[in-house]
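**Q** Mind docking chain B with the ligands on chain A? Use the hints.
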Amino acid sequence: MLKKNTIREFREILGSNNCWNRPEDVICYSYDAAYEEPVSPDIVVKPGNYNQVSKIIGLCAEENIPLVIRGAGTNLSGGTVPLSGGCVLLTTGLNRILEFNKEDLYAVVQAGVITAELALEAEKNGLFYPPDPASMKVSTIGGNVAENAGGLRGLKYGVTKDYLMGVRFYDAEGNLIIGGGKTVKHATGFNLPGLMISSEGLLGVMVEFILRVIPKPEYSKSLMVVYNDIIRACETVSEIIASRIFPATIEILDNFTIKAVREAIKTEFPAGADALLLIEIDGHPEVVNKDFDRILKICNSFNGTVRVANNKDERDKVWEARRMALSSLSRLRPTVILEDATVPRSKVPAMMKAIQEISKKHDITIGTFGHAGDGNLHPTILTDKRDRDEMKRVKMSIDEIFHAALKLDGTLTGEHGIGFLKAGYLEGELGAGTVNFMKKLKHGIDSKNILNPHKMNL
Amino acid sequence: MAGIIYELSQLEDSIIRCMKCGTCQAVCPLYRKDLVEPSVARGKIALIESVYEGRLEKAGDILNHLEYCVLCGRCKQNCPSNVKTDEIFLKARAVLKKIKKMPGWQKSLLGFVMDHPERVTKLLPFLHVCLKAGSRRVGNNALRPFMLPMSDRNVVSVKKESFVSKYKGFNYAENERMRVLYYPGCSVNYIYTSWGKAVVETLKYFGVSVYVPEIARCCGIPAATMGDIELYRKMVNLNFDYFSSIGADYVITSCPTCEYGLKEIGERETKRKIPSRVIDILIFLDEVLKIDFTMPFDKKISFHLPCHYDCSYSDLPEKFLQRHFSSNYIPLKNTDCCGFGGTFSLKYYRDSKELALAKAEELGDKKIDTLFTACPGCAMHLTDALVSAGCKTEVLNPIEVLYEGIKSGVPNRN
Ligand SMILES: Cc1cc2nc3c(=O)[nH]c(=O)nc-3n(C[C@H](O)[C@H](O)[C@H](O)COP(=O)(O)OP(=O)(O)OC[C@H]3O[C@@H](n4cnc5c(N)ncnc54)[C@H](O)[C@@H]3O)c2cc1C
Ligand code: SF4
Ligand code: SF4
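Sequences listed follow chains A and B, in order. Quick note on numbering: the first sequence equals residues 1 to 458 in our numbering. Quick note on numbering: the second sequence equals residues 1001 to 1414 in our numbering.
Pulled out of the complex, with its shape left as it was, chain A reads as follows (with noise of 0.2 Å):
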């Protein structure tokens, strides 16, 4: 509970229109994109400058109040959940693009800014912002670079920490911390844009970013890959990489998938197939022509049966279709737990037969589906949270993939971050030497602890 001066002056920094206290307005603000228990903070405030973030970042301090910074809250471990309540800061009212560059190749933008708009940016001045995460028309870059967020062309592309060339943020006592810059090259100082990434709103209150953008691809071909057995797919995508190619992306979905995506929309997506990959090239024709070449006979030695989208319309139903997967997966249980553990490339048909064995053995419905070429695999887990049996059985079965997805010398998570959801599997994964140097950073940067607490057991 927050004292009533301290309402007070939250309000006399932000005027009373951007900053709510109400139950029925905070209640708003205790669940995230993650399947947890929603837990309310006891204030929100929407601060429309700078100024206003390091006064709120002030008063926090001062108060020993929790700070929580939410972007979109479409976060998938439970990032912006206040779990000891405290001040939930929005950075939506932080949303303009600052600057775009044609020159020399960058954006600046404000953390509130829309993935999709700063896309939609680059394209019209005829360029390419390309980190695609599928929530893009919803999620904010300061979310993207706080998680690093990934997308479908992370294999050739990689992910947002490959764009980011400088950061602005204030600290846990409120003062402006200025990383990186406009230049190619920068060796000032240390490295700071690349700590803030995947910093989870645990270091400090991100507000601007400067974005390398590039050249648009001239020409890309896509095709689909139909499998009777899902392991040779696995096979496939592995092959393709060994033989040096790099197509933007390679997704694959499993028979659950296509079946409940085959339910959902009409689709081209074959009836009966055990899996499909479905791959984009990108490039000058030249090269994507003779990759196109080589990719094809991959696929058939490991039976696949190639089918080319031949025009915009119908690579553009194959993708649509993809986007539809989470969704149509989603539509056919109550509750959906959307998994992302990401192993080496080669270890793909792997980690495929761990997830086939852990959903058969504690019987849980997996659907699978993913970025195959990046090792980041999507096992969506569909269940009902009131049967508290099966969500035991749920729990055992996440363990499970994230072991199996370890003793592959793999990742806990490829693209959705800690949080509080996967907080209690961090030293599983890198020790506790690793942990502790963490909390020792984080508590060094803020002693009071007040940003994001409890996230990453820090």
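There's no promise every hint is true.
Claimed, not checked - Derived DSSO-like pairs: lysine-lysine, alpha-carbon spacing no greater than 30 Å straight-line: (1) 317/A with 1084/B; (2) 266/A with 1333/B; (3) 137/A with 1333/B; (4) 1084/B with 385/A; (5) 1058/B with 1033/B; (6) 156/A with 4/A; (7) 1366/B with 102/A; (8) 266/A with 1084/B; (9) 1367/B with 1033/B; (10) 137/A with 1084/B; (11) 1033/B with 124/A; (12) 124/A with 1333/B; (13) 259/A with 1366/B; (14) 1271/B with 266/A; (15) 1058/B with 312/A; (16) 266/A with 1319/B; (17) 1319/B with 317/A; (18) 1058/B with 4/A.
Claimed, not checked - Quick look at which bits of chain B chain A covers, simulated, 3 or more residues with Cβ under 8 Å: (19) 1047 to 1055; (20) 1293 to 1299; (21) 1329 to 1339.
Don't read these hints as lab results, they were simulated from the structure. Computed from a prediction, not measured in an experiment: that's the story for all the values here. C-beta atoms are modelled at their ideal positions from N, C-alpha and C, and glycine is treated no differently.
**A** Leaving out everything else, chain B with the ligands in the frame of chain A:
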């Protein structure tokens, strides 16, 4: 209170489908304006949940947030999990209204208007005169009342004589090839009477005899959005009974919200199948009569798609205009809801107008002469904003222009 919580918990099976993914933020006109969670479907759903899960004590406090919604249906259409948001919101409003009761006068007025359309019709000349005397003309067919709290609105006036009192009964077509029932709805009956006239005359011209009800019964939607679901069901039942008694294959409408109220939620709430096919006049002309003509309309035109327009035909009106009117068609970038939302604009006028003004701005910038729409609610609300923005664009239903064309002998009958 326990009863209320129990009734809300009945919504759990629909609500639990919401995976809190936040996708609805991208399409909700109110979220995009406010950028806060209570505006968007995900927030509203979480609020209802928090009441029946016992995390929020004063259930009545969430009603304001639930009523802050234009019911544009965008969240439902774009929800990956197929969450029936409109159904959830309307039911929750109805339950919560039991705590936060509608003021007595509001309830009686609503009941009176719906139960006795014939008496409202009798009051029309009086209302018409009052509005005229108490306001000044501000162009575009609109009046600005002097009286607070209406003095910031530009209202399209109610007409002296209702549409049905002039057209009720059979309107026979020469060379009759078909008979239909026309359902004018309140807005056309009292305000946009010219739309009604154009519908009847145009249909007659194409050989369709039109039966117009003696009494223009409300579809009930205003009651539903204000949380009086019983009154709403009663209206839907009366309308369905009426349609069966007439035995019409087609019931023509020119108000998508009436159509939505009768068809989609009407069927769901009464668990009855609608006895006739309710169809918008433009769809009827195009799909059933297959009319084919081109007429000159030498203006810069555009179209605003009403939220409740039959979604399987959402590109029909635009194509209709381009095919039949030789004019300069300019699409709009802003495809949002106009912000009207019926009772929403009464309670949240400022927010409602902000959305309409954003549209008016684009219309002004693009110097559109005529904005077409297919919903009298949108027409009324956009006219208000256009007048406020000092913009000369007129708002019409395509049927009005078509009827003008018929009068001057342009389109062929085939
Ligand atoms: C349907 C769906 C699909 C998704 N698909 C993908 C995908 O393909 N790839 C992917 O990577 N992710 C995906 N996600 C996860 C999520 O969208 C991303 O993690 C996204 O980057 C979160 O952005 P946000 O604005 O919602 O951040 P939020 O959820 O609001 O915040 C996420 C974390 O970042 C912190 N944070 C936010 N803004 C700031 C700031 N300005 N300064 C400091 N810290 C901040 C928060 O405290 C929190 O810990 C998906 C989610 C959903 C629901
Ligand atoms: S209503 Fe639909 S789109 Fe909105 S958060 Fe829930 S599941 Fe997602
Ligand atoms: S119906 Fe429209 S206004 Fe209401 S929550 Fe859904 S998208 Fe927003």
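**Q** For each hint, tell me whether it holds in the structure or not.
**A** Here's how the hints hold up against the structure:
1. Distance check on the hinted pair: residue 317/A and residue 1084/B sit about 25 Å apart at the alpha-carbon level, within 30 Å; holds.
2. As the CA atoms of residue 266/A and residue 1333/B are separated by approximately 28 Å, the hinted pair is consistent with the 30 Å bound.
3. Restraint check for residue 137/A and residue 1333/B: satisfied, since their Cα atoms lie roughly 17 Å apart, inside the 30 Å limit.
4. Distance check on the hinted pair: residue 1084/B and residue 385/A sit about 20 Å apart at the alpha-carbon level, within 30 Å; holds.
5. Taking the CA atoms of residue 1058/B and residue 1033/B, the gap is about 27 Å. The hint holds against a cut of 30 Å.
6. For the given pair, residue 156/A sits about 53 Å from residue 4/A by alpha-carbon distance, which is inconsistent with the 30 Å threshold.
7. Taking the CA atoms of residue 1366/B and residue 102/A, the gap is about 28 Å. The hint holds against a cut of 30 Å.
8. Under the criterion of a C-alpha separation no larger than 30 Å, the hint pairing residue 266/A with residue 1084/B is consistent with the structure, at around 21 Å.
9. This hinted pair checks out: residue 1367/B and residue 1033/B have alpha carbons roughly 24 Å apart, not beyond 30 Å.
10. Restraint check for residue 137/A and residue 1084/B: the C-alpha separation of about 21 Å stays at or below 30 Å, so the hint holds.
11. Of the pairs offered as hints, the one joining residue 1033/B and residue 124/A holds, with about 23 Å between alpha carbons and a cut-off of 30 Å not exceeded.
12. Between residue 124/A and residue 1333/B the alpha-carbon distance is near 15 Å, which keeps this suggested pair within the 30 Å criterion.
13. The hinted pair formed by residue 259/A and residue 1366/B fails the criterion: a straight-line CA distance of about 47 Å is larger than 30 Å.
14. For the hint pairing residue 1271/B with residue 266/A, the CA-to-CA distance comes to about 29 Å; that is within 30 Å, so the pair holds.
15. Restraint check: the Cα-Cα separation between residue 1058/B and residue 312/A comes to about 53 Å, which exceeds 30 Å; the hinted pair is violated.
16. A hinted pair counts as satisfied when its Cα atoms are at most 30 Å apart, and residue 266/A with residue 1319/B qualifies at roughly 24 Å.
17. Between the alpha carbons of residue 1319/B and residue 317/A the distance comes to roughly 23 Å, so the proposed pair stays at or under 30 Å and holds.
18. At roughly 21 Å between alpha-carbon atoms, residue 1058/B and residue 4/A fall within 30 Å of each other, so this suggested pair holds.
19. Taking a C-beta to C-beta cut-off of 8 Å, the stretch 1047 to 1055 of chain B contributes 3 residues in contact with chain A, enough for the three needed, and the coverage statement holds.
20. Counting residues of the stretch 1293 to 1299 of chain B whose CB falls under 8 Å from any CB of chain A gives 0; the rule of at least 3 is not met.
21. For the stretch 1329 to 1339 of chain B, the stated coverage by chain A is violated: 0 residues have a C-beta nearer than 8 Å to a C-beta of that chain, whereas at least 3 were required.
Of the numbered hints given earlier, the model fails hints 6, 13, 15, 20 and 21; all others are met.
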